[in-house]
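Asker: These protein sequence lines are chains A and B, in that order.
Heads up: the first sequence begins at 1 in the numbering used here, then just goes up one per residue.
Heads up: the second sequence begins at 1001 in the numbering used here, then just goes up one per residue.
Treat the hints with care, since some could be wrong.
Only part of the chain A face toward chain B is listed, based on derived beta-carbon distances under 8 Å [to be verified]:
#: 1; residue: R83
#: 2; residue: M94
#: 3; residue: T95
#: 4; residue: G103
#: 5; residue: G107
#: 6; residue: E112
#: 7; residue: N133
None of these hints come from the bench; they were simulated from the model.
In this text, a Cβ means the ideal position worked out from N, Cα and C, and glycines have one as well.
What follows is each chain in one-letter form.
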Amino acid sequence: MADLLTTTNLSKSFGSLLVIDSFHMHLIEGEALGIIGPNGAGKSTLFNLITGSLHPNSGSIVFDGADITRMPAHDRCRAGIGRSYQIPHPFVGMTVFENLLVGAAFGSGRGESESYDFCAQILKLSGLLEKSNVLAGSLTLLERKRLELARALATRPKVLLLDEIAGGLTEHEVKELIATINSIHAEGTSIIWIEHIVHALLSVVSRLIVINFGQKLDDGNPKIVIKSPEVQKVYMGISVE
Amino acid sequence: MIEWVNTVLQGILTGGLYALFAAGLAIIFGVMRLVNITHGDLIVLSAFVAMVAIDVMGFNPFISLVAVLPIMFVFGYILQRSILNFTLGDDLLPPLLVTFGLSIVIQNLLLQIFSADSQRIKAGSLEILSIQLYENLSVGVFPLIVFIVAVFIIIGLQYLFSNTRIGRAFRATSDDAVTAQLMGINDRHIFSLSMALALLIVGIAGLFVGISTNFDPSAGPSRLLFAFEAVIMGGLGSLWGTLAGGIILGVSQNIGAKLDPGWQILAGHIAFLVILVFRPNGLFPRMRDD
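Only chain A is shown next, with the shape it has when bound in the complex:
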């Protein structure tokens, strides 16, 4: 299978602080890739660079065969990059259904009326169907996280970037979330998932990348990566499982 996403020599600094340092990575089409690393390692910055919310100082990003390094964020969304935030950012003044409709209509370039059924399906998949007509601003944290995922799906992404989506959820909720993500993956969407809850990550991903200080520390089979001395050292000997 071909590479869906590749970053080459990607660097980003904020002032004198180098947050992403000559970063190489690739994602094979249909793959589920996990990313772990300590706080401040540059994981979210990497996502911001891929979605176009930030622009790199150097290096390039290739998605689906095209160089997207200079492409604006909204075009990257239309090209098939979907993202959910660590802290949910719903459009609070709109209903849950409208939140999805915006993503479906603009992100996939379709009309609204042809997106109704699609949005309803996603709401069902993400367990939000009963909240369709509720203002997004009145949702609970779990519901907001689900909306975050649902709205990213509404843009019909080829790759879905999940940023600590399991954080703050109970064990039971995490299980439900894993089932949802596995079914999204099974339908052919590639996934890159940043997560601190490693056991959740390991039940979905087939490859794991470890980042520290903006550099790639390790990359490979999750079970082997987790046991590697470097990873153990970064996590200061605390068992990551």
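Since the structure of chain A is provided, determine the placement of chain B on it from the hints.
Answerer: Showing chain B alone in chain A's frame:
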């Protein structure tokens, strides 16, 4: 008694015009958080554009909108895309300064081209036509048209914002422009469209101002003030609120003028202050949780 009914009625109709001033301002602020200091001057500019269209092309005042509206729409889009988009950010000051500068530029350009003479758009018999409602109580046909147009524009805008694809894009971008981009919305384009839409309403308001009062290149800032007062009294972010704000302003000005002609403008400002004291967020504030 009938005199007071008349005063209030005329005030309500004047409120329609103020609501038109305010609706454009409310859209611009609502979508982009941009405080458009040059709004009044844009209204005057569009009155001049209408005047030229009528005098030079020989159009009927209402037909002139066929020329004025596309001009204002395109002008608004280009203005936003080429200048104002670059002023937007976390800081509210740059757009204030730039639109203030634009206000001076527009006033002086108009002064250069049209001189300081006061102008008026002639609408023939429409200016004096009136409908007798009751003994000693009649309303002018033209103010009535202005009011009805204002109501229809607000209904139309309300529909656009709540029920259409582009309207949802306006609201999403207004809520969170960065996230809107991740949904495939080009925020710069949406901002420019919202300015273009606002200037469509400005185009209509400009024609009505030109017919109902004298105007000259320096007439903009007082329109801006009325527009601001109507928007703030109505509550930021509510379109029906701008109509309510406009009506309150119109009625209080008319009551003031009835008590003493010198009190007209002052009475409007007093009503504004009173509402600010009792309802600091205006009459119909938009509900937000962040």
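Asker: For every hint, state whether the structure bears it out.
Answerer: Cross-check of the supplied hints:
no.: 1; hint: R83; in the structure: holds (5 Å)
no.: 2; hint: M94; in the structure: holds (6 Å)
no.: 3; hint: T95; in the structure: violated (10 Å)
no.: 4; hint: G103; in the structure: holds (4 Å)
no.: 5; hint: G107; in the structure: holds (4 Å)
no.: 6; hint: E112; in the structure: holds (5 Å)
no.: 7; hint: N133; in the structure: violated (13 Å)
The structure shown violates the earlier hints numbered 3 and 7.
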